[in-house]
Amino acid sequence: MARNHVSSKGVRVKLLEDVPSAVAHRPPPRRTKLTLAVAAAFLLVAAVAGAMLVASSSGGSGDSAADRDPRPSGTLADWATGITDACTTVAAEQPIMAQGAEARLDVVNLDAVQAGTSALVAAVHDVPLPAEEAEQAQASATVAVGDQATQAWTALTDSSAEATPEQVAQAAELTAGFVAGMTQLGANCAPIG
Numbered sequence: 626m627a628r629n630h631v632s633s634k635g636v637r638v639k640l641l642e643d644v645p646s647a648v649a650h651r652p653p654p655r656r657t658k659l660t661l662a663v664a665a666a667f668l669l670v671a672a673v674a675g676a677m678l679v680a681s682s683s684g685g686s687g688d689s690a691a692d693r694d695p696r697p698s699g700t701l702a703d704w705a706t707g708i709t710d711a712c713t714t715v716a717a718e719q720p721i722m723a724q725g726a727e728a729r730l731d732v733v734n735l736d737a738v739q740a741g742t743s744a745l746v747a748a749v750h751d752v753p754l755p756a757e758e759a760e761q762a763q764a765s766a767t768v769a770v771g772d773q774a775t776q777a778w779t780a781l782t783d784s785s786a787e788a789t790p791e792q793v794a795q796a797a798e799l800t801a802g803f804v805a806g807m808t809q810l811g812a813n814c815a816p817i818g
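Numbering (the numbering used here), first residue to last: 626 to 818.
Treat each hint with caution, since some may be false.
Simulated restraints, written as ranges between beta carbons of each label pair [as the list claims (entries may be wrong)]:
id, residue 1, residue 2, range
1, Asp731, Glu757, 26 to 32 Å
2, Gly699, Gln773, 40 to 46 Å
3, Ala726, Ser765, 41 to 47 Å
4, Ala769, Asp736, 30 to 36 Å
5, Val732, Ala759, 38 to 44 Å
6, Thr779, Pro695, 22 to 28 Å
7, Ala717, Glu758, 29 to 35 Å
8, Gly699, Ala747, 18 to 24 Å
Hints are computed from structural coordinates only; laboratory data are not their basis. Glycine included, each C-beta is placed from N, C-alpha and C at the ideal position.
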């Protein structure tokens, strides 16, 4: 049996079985240095990301209360119930908070009012915000006023200068606005004077 055939024009055509395989399979060239460099870069990025996660979850002093808030859940009514409990607890633990607005205006009570306001705001941050967006926005706006009140009292107690009656009145007004905002949203903060 002949392996070569002649075409009608006299040109010889080879059959496929006569043609050797066109590509010989060879293993790919090794890229050891590139592979090691990529692996080292990946491990470095993973180590840095891990260190950042550990640092952020350790509750460092730079964290604000809002960074540690529980996840939103429930309704505005659930939030108000939790806030009522917070107001009652803080009024019992921080007696200055139950003495009314006049006590907050007295410069002599500055440290006690700062501690009481901070305790109230921290207790409020422990109550999960409502899950529904509109209700969450209402509650968040009120909580933000509490944060402002805490900052105002802290600025007064941390200052080396003597607090003026106007500064104390402004901080007391923020605290009163915070309590009024929680009351408007359904909380019973009557224990806080």
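Could you tell me which of the numbered hints above are not met by this structure, giving the numbers in increasing order? Violated: hints 1, 2, 3, 4.
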